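Asks: Sequence:
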Amino acid sequence: MSAVGDKACLFCEIINGEREAHVVLDAPDVMAFLDARPLFKGHTLLVPRQHVEMLTDLPGERLGPFFGHAQRLAGAMESALGAAGSFVAMNNRVSQSVPHLHVHVVPRNRKDGLRGFFWPRQKYDSDAEAAGYAARLAEAITG
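In terms of full-length UniProt numbering, the sequence shown opens at residue 1 and continues consecutively.
Hints are computed from structural coordinates only; laboratory data are not their basis. Some clues are possibly wrong.
[Stated by the list, open to error] Each pair of labels, with its calculated beta carbon distance range:
1) K123 / Q96: 25 to 35 Å
2) A134 / N92: 13 to 23 Å
3) L55 / G143: 11 to 21 Å
4) P65 / E18: 37 to 47 Å
5) G68 / P38: 15 to 25 Å
6) A130 / P28: 13 to 23 Å
Just so we're clear, the structure is a prediction, and the values are computed from it rather than from any experiment. For every residue, glycine included, the Cβ atom is placed at its ideal position computed from N, Cα and C.
Please construct the entire structure, taking both the sequences and the accompanying hints into account.
Replies: Right under this line is the structure:
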């Protein structure tokens, strides 16, 4: 059984062949398989083979190749499934049902019933407040 800390990792078990999944992509660095509870048929999860919990844990040199696979899966939603487009999303810690980095690639069509993001939007109280948030984030990024 694959484990991280004291808990088994569902996605590591799939990667290691310890748990069944409908595999879409099996590459040296990633695996993609159908979501067991899809939003729409074809909803696929892309995971790195190496266990990392969040995007911030993925080594920088693996970012480009990882998202290259996500790009190919998004294209396959249209070419293989006839979808009009795709929804590509990732949670980090909050709302992350399995603590193993994964990208959802979901086929989309107009009027399919999925309504944008699933949470209420907010507004900044002022341009000054928005500028303050932008400055704090910019400082954290540039150091």
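Asks: Tell me if the beta carbons of A130 and P28 are separated by a distance inside 13 to 23 Å.
Replies: At roughly 43 Å between Cβ atoms, P28 and A130 fall outside 13 to 23 Å, so the hint is violated.
Asks: Take the C-beta atom of P65 and the C-beta atom of E18, compute their distance, and say whether it sits inside 37 to 47 Å.
Replies: Violated: the Cβ-Cβ distance is about 25 Å, outside 37 to 47 Å.
Asks: Does the Cβ distance between A134 and N92 fall inside 13 to 23 Å?
Replies: Check passed, 20 Å falls within 13 to 23 Å.
Asks: Does the hinted range 25 to 35 Å hold for K123 and Q96 at CB?
Replies: holds, 27 Å
Asks: For G68 and P38, compare the CB-CB distance with the range 15 to 25 Å and indicate the outcome.
Replies: Once the Cβ atoms are compared, 23 Å apart, the range 15 to 25 Å for P38 and G68 holds.
Asks: May I ask you to test the hint 11 to 21 Å on the CB atoms belonging to L55 and G143?
Replies: holds, 19 Å
Violated hints, listed in ascending order, are 4, 6; each of the other numbered hints is respected by the structure.
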